[in-house]
Amino acid sequence: MRPRLDVWFTEEHAPGLRFSMRVTHEIVRRRSEFQEIAVLETQEFGKVLILDGYLMVTEKDEFIYHEMIVHVPLAVHPDIRRVLVVGGGDGGAVRELARYDTIEEIDLVEIDPDVIDVSEAWLPQLSEKLRDPRVTIHFADGVRFMRQVQRPYDLIIIDSTDPFGPGEGLFTREFYGSCHAALTEDGILINQHESLFYEEYRAAMRRVHDRLSQLFPVARVYQAHIPTYPSGHWLFGFSSKRFDPLLDLDAEGWLSRGIRTNYYNPDLHRGAFALPNYIRRELEGGRRTRLK
Amino acid sequence: MSQLAQRRAPLFEGLRDYRAARIVRFDVPGHKSGRGTPELTEFLGQAALAADVNSSKPLDNLIHPTGIIREAEELAAAAFGAASALFMVGGTTSAVQAMIFSTLGPGDKIIMPRNVHRSAINALVLTGAIPVYVNPGIDAYLGIPLGMAVADVEAAIHLHPDAKAVLVNNPTYYGVAADLDSICRLAHRHGMLVLVDEAHGTHFYFGDDLPRPAMAVGADMAAVSMHKTGGSLTQSSILLLGSHTDAARVRQIVNLTQTTSASYLLMASLDIARKNLALHGRAIFRRSMAMADYARAEINRIPGYTAFARERTDGRAFYDFDRTKLSIHTRDIGLAGIEVYDLLRDEYDIQIEFGDLGNILAIISAGDRNLEIERLISALADIERCYRRSPAGMLEQEYVAPELVLPPRQAFFGRQETRPLRESLGQISAEFVMSYPPGIPIVAPGERITAQALETILYAQERGCYMTGTRDPELREIGIVVAQEVPDASPP
Ligand SMILES: Cc1ncc(COP(=O)(O)O)c(C=O)c1O
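Protein chains in written order, with this note's numbering: chain A, 5 to 296; chain B, -7 to 484.
Note that these hints are calculated values from the structure, not bench results. Remember, it's a predicted structure, so these values are computed and weren't measured experimentally. Certain hints may be false.
[Unchecked claim] Computed spacing ranges between beta-carbons, pair by pair:
1. A:Arg285 to B:Arg380: 58 to 68 Å
2. B:Glu66 to A:Thr14: 28 to 38 Å
3. A:Arg246 to B:Tyr379: 42 to 52 Å
[To be verified] Per the computed footprint, the stretches of chain B lying under chain A, defined by three or more beta-carbons under 8 Å from a beta-carbon of chain A, are:
4. 94 to 103
5. 339 to 351
6. 361 to 371
[As the list claims (entries may be wrong)] Residues of chain A placed beyond 10 Å of chain B at every Cβ, according to the derived structure:
7. Asp118
8. Val222
9. Ala278
Think of the CB as a built atom: it goes at the ideal place given N, C-alpha and C, for glycine as much as any other residue.
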């Protein structure tokens, strides 16, 4: 039934373009040291987590994002034991990782303890594995933490917010340099790569791809369809010192683990790297754009 | 004057009232609150254009302040502990020059370190005053000039008891401070004035645990770059005067070269920045200092960098250090400071203040956030990982006393000819050569071009320093004084 008090959450996806969802009620809203955190109950997408007015995850479509940042590298690298997640205090990435019993250690670096509190209190679907014994949570600045890593990781997942704002350090050459140094010889780096459909982040993300290509012999971009993110067409980066995401895909091996997913499967894995032409051109053009 | 008075900002308030009065304007500036220049207004904002107004009775006039500008200057004087203060709109350059124009005439001597900013030597060119250079001291490891040891100033005073003034550059760009208190007392004992180029020391007046500022130790005049660390707009500055300095006379001298259309944006920014410093300066600089300390500790963990601070002080020319400065020695990673500076900008999108042959300087101020500090530290770590090379063959800096053959004025305005730089050894330069920043001359007019100076210039060019001062923009040629003008004897 249509509520009489008609409240909508609106996010601007591009200048002159808004995306709205009807809010049935506000569950929590608080200011942390770093940002404003809110959880709203929406009619269509269930509970949604909002940071500083930007939609982070919704209960209904978060599975796509979290499956894609976790299962893609795990289907390529046969022996991932130590994993680092940067950002992602909601717990979604950790939940997917926890499904692999071969993973021995999961470190989560989140700058804002309140994000974890809120997620544990109101978003159990995401945070259910944050207390898994393999998980260690570090409250720290991601850029700083990465610089100081002593023991290398097999997989680093950068589950960041947007490139303009508090998370901007996670899109920089210096940070990727620290990631490179913090990875094992056959380690994989996965990064949230935004969308290239609208103008806003296009130049920044081209530069990100450029940076990663300079650092890693393998630097690829893959895609997923995420309804609540701007344009719905979302990208991720796969960078590695050794593994190629397609040539080294071990479909049989992954299927034999018997992990039941809602979005990911090895066929989709292959297709995810088949990018539309406008994105290919955009990324290839990257190497010629230099601030000078 | 009380802290309460410092809550006022008369110039700012006057501009606000003026705007509220909705005066119909048939005066300059012709953009009329930006209506005539829509693109500019869109770019800078309507509020900025509306504040760009002309002098008038209610808004006072910087040439002869009697109203809100005067009140604002009085509040500034009180905030800085000075007897009077003059707002300057021609940069700290104009303040440094006003100090020299007010105290020296043609042929007068001034004792000063050689590592001064070009504005001071420019003033000598204009007045015809003659510098007596004091070895500023050098930190041999860092390769940076320091702040003049008291004993060296004393020796110069004994050799030149007829000098009129001592100019102290305090602190240096890197944050090295001299023992200003002792230098002041020494100079005053010998009847000399003390002028302080305090371009990098605005915050000394407002923070704790910082070197002592000029007005607190009884200096006669000081030029403070409010726009550098004080938060006002670029090009605005303040000239501070002690109680024995005739402010009315100084203003007359300033007016010889100052515009009659001083920008109200600049002046209002001085007023607002002064208020902010007076009310919140201690907290602001405590935070900057904590950030700089943190960054230093982190950077010193990266092998090859030395982010130095008070541990290098020696009680002499390196008397004290300004802990808000983040100065980093880079030579041990095999990179000149200028190379690190360029890499930070081109590869990491990070702009720092400057890099010279062996060091870089990052300015930490009220506007910084932890996230940017983390980026800077990580970028330096990445540069060390990716670009480190052997430091063999890098130029070591040492101080060689300049041989001043002609007064700067005579060399600059006298007959000159050009020579290819590489063939200029032993000639008397008629021009400045400096990399900018820091804008400290390697060669100044009237000085002999030494082998060391040539080597420094060529090395700096090769490492990518931005060289300025000569008529030839590429600095392949240099202006020299024609032979007939050069006396065969030694310095004047
Ligand atoms: C020591 C010193 N004095 C004076 C100045 C001149 O300041 P401005 O650029 O405001 O004219 C500078 C500027 O860099 C400086 O470093």
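Now the hints, each set against the structure:
Checked against the hint of 58 to 68 Å, the pair A:Arg285 and B:Arg380 fails, with Cβ atoms roughly 36 Å apart. Between B:Glu66 and A:Thr14 the CB atoms are about 51 Å apart, so this pair departs from the stated range of 28 to 38 Å. For A:Arg246 paired with B:Tyr379, a C-beta distance near 24 Å fails the hint of 42 to 52 Å. With a cut-off of 8 Å between beta carbons, the segment 94 to 103 of chain B has 0 residues touching chain A; three or more are needed, and the interface restraint is violated.
Under a criterion of three residues with beta carbons nearer than 8 Å to beta carbons of chain A, the stated coverage of the segment 339 to 351 of chain B is upheld, 3 such residues being counted. Coverage of the segment 361 to 371 of chain B by chain A holds in this model, with 7 residues showing a Cβ closer than 8 Å to a Cβ of that chain against a need of three. A:Asp118, annotated as away from the interface, keeps every beta carbon of chain B farther than 10 Å; the closest lies near 17 Å. The beta carbon of A:Val222 sits about 19 Å from the closest Cβ of chain B, which is more than 10 Å, so the claim that it is off the interface holds.
Every C-beta of chain B lies more than 10 Å from that of A:Ala278, the closest at about 32 Å, which supports listing it as non-interface.
Comparing the model with each numbered hint stated earlier shows that hints 1, 2, 3, 4 do not hold.
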